[in-house]
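Engineer: Working from the sequences, and respecting the hints, build out all of it.
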Amino acid sequence: MTKKYRMTLATRMLLLVFLPLWALSGASIGIGTYYMAEQQTRKLKDDIKLIARAIRVPIGEALNQGDLATVQRTLDAVFSLGQVYGASVYNGEGQRIAAAGIARQEDTAANPLAEQMVRVGQDGDAYQHQAGRRVFSHFVPVTDPTGKISSMVEVTRRASDFSTTMDRIAYWAWGSWGVVGLLTFGIVLLGYRQAVGRQVANLTKVMADVGAGKLELRAPTSGATELGDIAKAFNQMLDNMASAQASIAAHRQQEATLNQQLERQERMAALGRLVSGIAHELGAPLNVIDGRARRLSRNNDDAPAQRELSAIRGQVQRLTRIVHQLLDFSRSGAQLESILLRELVEAAVASVKHELAHGEPPQITLDIPATAMVTVDPAQFELVLVNLLRNACQAATKSVGVSYQTNEHGWNLAIWDDGAGIAADIEPQQLLEPFFTTKPKGQGTGLGLAIVHNIVSDHQGELQLSHAEAGGLQVSLCFPKDVTS
Numbered sequence: 001m002t003k004k005y006r007m008t009l010a011t012r013m014l015l016l017v018f019l020p021l022w023a024l025s026g027a028s029i030g031i032g033t034y035y036m037a038e039q040q041t042r043k044l045k046d047d048i049k050l051i052a053r054a055i056r057v058p059i060g061e062a063l064n065q066g067d068l069a070t071v072q073r074t075l076d077a078v079f080s081l082g083q084v085y086g087a088s089v090y091n092g093e094g095q096r097i098a099a100a101g102i103a104r105q106e107d108t109a110a111n112p113l114a115e116q117m118v119r120v121g122q123d124g125d126a127y128q129h130q131a132g133r134r135v136f137s138h139f140v141p142v143t144d145p146t147g148k149i150s151s152m153v154e155v156t157r158r159a160s161d162f163s164t165t166m167d168r169i170a171y172w173a174w175g176s177w178g179v180v181g182l183l184t185f186g187i188v189l190l191g192y193r194q195a196v197g198r199q200v201a202n203l204t205k206v207m208a209d210v211g212a213g214k215l216e217l218r219a220p221t222s223g224a225t226e227l228g229d230i231a232k233a234f235n236q237m238l239d240n241m242a243s244a245q246a247s248i249a250a251h252r253q254q255e256a257t258l259n260q261q262l263e264r265q266e267r268m269a270a271l272g273r274l275v276s277g278i279a280h281e282l283g284a285p286l287n288v289i290d291g292r293a294r295r296l297s298r299n300n301d302d303a304p305a306q307r308e309l310s311a312i313r314g315q316v317q318r319l320t321r322i323v324h325q326l327l328d329f330s331r332s333g334a335q336l337e338s339i340l341l342r343e344l345v346e347a348a349v350a351s352v353k354h355e356l357a358h359g360e361p362p363q364i365t366l367d368i369p370a371t372a373m374v375t376v377d378p379a380q381f382e383l384v385l386v387n388l389l390r391n392a393c394q395a396a397t398k399s400v401g402v403s404y405q406t407n408e409h410g411w412n413l414a415i416w417d418d419g420a421g422i423a424a425d426i427e428p429q430q431l432l433e434p435f436f437t438t439k440p441k442g443q444g445t446g447l448g449l450a451i452v453h454n455i456v457s458d459h460q461g462e463l464q465l466s467h468a469e470a471g472g473l474q475v476s477l478c479f480p481k482d483v484t485s
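In the working numbering, the protein residues as written are 1 to 485.
Any given hint could be a false lead.
[To be verified] Heads up, simulated DMTMM-like pairs for lysine to aspartate or glutamate below, C-alpha to C-alpha not over 20 angstroms straight-line:
hint	residue 1	residue 2
1	49	229
2	43	125
3	353	337
4	45	161
5	148	123
[To be verified] Pairwise CB distance ranges, derived in the manner of DEER restraints:
hint	residue 1	residue 2	range
6	213	260	26 to 34 angstroms
7	253	371	36 to 44 angstroms
8	226	15	18 to 26 angstroms
9	243	351	50 to 58 angstroms
10	201	253	36 to 44 angstroms
11	253	233	28 to 36 angstroms
12	409	211	44 to 52 angstroms
13	32	218	23 to 31 angstroms
14	371	409	15 to 23 angstroms
15	471	218	45 to 53 angstroms
16	28	97	49 to 57 angstroms
17	168	25	43 to 51 angstroms
The set of hints was computed from the structure by calculation and includes no laboratory data. Ideal Cβ positions, reconstructed from N, Cα and C, are used throughout, including at glycine.
Structural biologist: As structure tokens, then:
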């Protein structure tokens, strides 16, 4: 298959712009030169005519008096003019009776053209040959006192005089046309390179680089307006592509996050079903063990036995609490109602202090307005508060704080402590995984924060872990204004 040849933009400009303009200027020079030649020829002929008419009167008077010497002197005087190549006087029969200049070189005194002019009896001119040279002659009749044509005056000029000047003008005109054409050709090419070629080359290079994968490049928009518009459109296309790619990447990231959340929810649902079954199976045996240990304790007064039975009941209570946590973990959904937040927090604080009654509990500070109303599931949210406050009191050195804030999006509840916080090698999200705990063996189940996270999610809220200003861990619960069940 033959490759189709395509002209460059520079070639098109030369063919469609430069060549037509150059040809038009050449036509203008040709027409102008032609009319200049016509005007120059007319002027030269008029000069000869004026000379011929100027001398016919004195020549006619001299001929009437028969003074041929005066006629000759007049002709010699005319010949001395630079414009006259020759002059002659003919009698009524067309025979030359006096001559000056080139006319003297004629072999015959008869001139058929002069005879014809005498017969016509009017001014006339014509090209002819005299002494082997081409000349232009103008004839003027001379009359006698009676008005009859008695003779004819001829004034001659070289025919080359009519073309020499115009040939010189045409030479310089066409030469200048050629030089100007070459200069214009160079100017057009240079102008094209400066105005268009360089910008087109830059735009082409940027397009090639973008095609090679350098999508961050942008085309320069300076230069010609039209090419600048093309560059702007190209840049806008790249920006739209980048925006579309960013949108696709964000959509993929969101889709991956949603998939992770769905997978986690599925795992949590399966785990909840498993945990619920285990909790129900453990509940009855634990109640039996606790009941028999309590009955043995009432019927036995031996101190060592009482200590052993108390230890058994303590472990049973711990297992019972774990079972309750497992059941709470497996619950889903929330029964919402409006309630005073401070009363709910104070109830949770009382529960936690009761659990920590054997030691010296940290100081718990509440920064919650007494009139703050929130829409939550009271039972579930109290469980959230108990778990978070228990963790904060166990980790705290001296103080624990609870603060409430509102904003245009909803309300926040932050619980913090002044403890050691979490270790640097632990990711905060790990604390939300079921059965993950940082407490010593036998002191934590790893279900507290997992339960809190599930309940907060059921309330369409968000749980955030961060470093507290007091040095420990801060748990922030963020809820929207309107919570739906």
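Engineer: None of the hints should be skipped; say for each whether it holds.
Structural biologist: Now for the hints, and whether the structure bears them out:
Proposed proximity of residue 49 and residue 229 is contradicted: the alpha carbons are some 69 angstroms apart, above 20 angstroms. Of the supplied pair hints, the one linking residue 43 and residue 125 holds, its CA atoms being roughly 14 angstroms apart against a limit of 20 angstroms. Taking the CA atoms of residue 353 and residue 337, the gap is about 26 angstroms. The hint is violated against a cut of 20 angstroms. With a C-alpha separation of about 10 angstroms, the suggested pair residue 45 and residue 161 falls inside the 20 angstroms cut-off, and the hint holds.
Restraint check: the Cα-Cα separation between residue 148 and residue 123 comes to about 15 angstroms, which is no more than 20 angstroms; the hinted pair holds. A beta carbon spacing of about 31 angstroms between residue 213 and residue 260 agrees with the range 26 to 34 angstroms that was offered as a hint. Between residue 253 and residue 371 the C-beta distance comes to about 42 angstroms, which sits within the given range of 36 to 44 angstroms. Taking 18 to 26 angstroms as the suggested C-beta distance range, the pair residue 226 and residue 15 conforms, at roughly 20 angstroms.
Judged by the Cβ atoms, the range 50 to 58 angstroms given for residue 243 and residue 351 holds: they are separated by roughly 53 angstroms. Here the CB-CB span from residue 201 to residue 253 is close to 40 angstroms, well matched to the stated 36 to 44 angstroms. Separated by about 30 angstroms at the C-beta atoms, residue 253 and residue 233 satisfy the suggested range of 28 to 36 angstroms. Separated by about 45 angstroms at the C-beta atoms, residue 409 and residue 211 satisfy the suggested range of 44 to 52 angstroms.
The given range of 23 to 31 angstroms is broken by residue 32 and residue 218, whose C-beta atoms sit roughly 53 angstroms from each other. The supplied range of 15 to 23 angstroms is met by residue 371 and residue 409, whose beta-carbon atoms lie about 20 angstroms from each other. The supplied range of 45 to 53 angstroms is met by residue 471 and residue 218, whose beta-carbon atoms lie about 49 angstroms from each other. Between residue 28 and residue 97 the Cβ separation comes to about 51 angstroms, which falls inside the hinted range of 49 to 57 angstroms.
Taken as a hint, the range 43 to 51 angstroms is violated for the pair residue 168 and residue 25, whose Cβ atoms sit roughly 20 angstroms apart.
Figure legend: structure checked against the earlier numbered hints; hints not met, in rising order: 1, 3, 13, 17.
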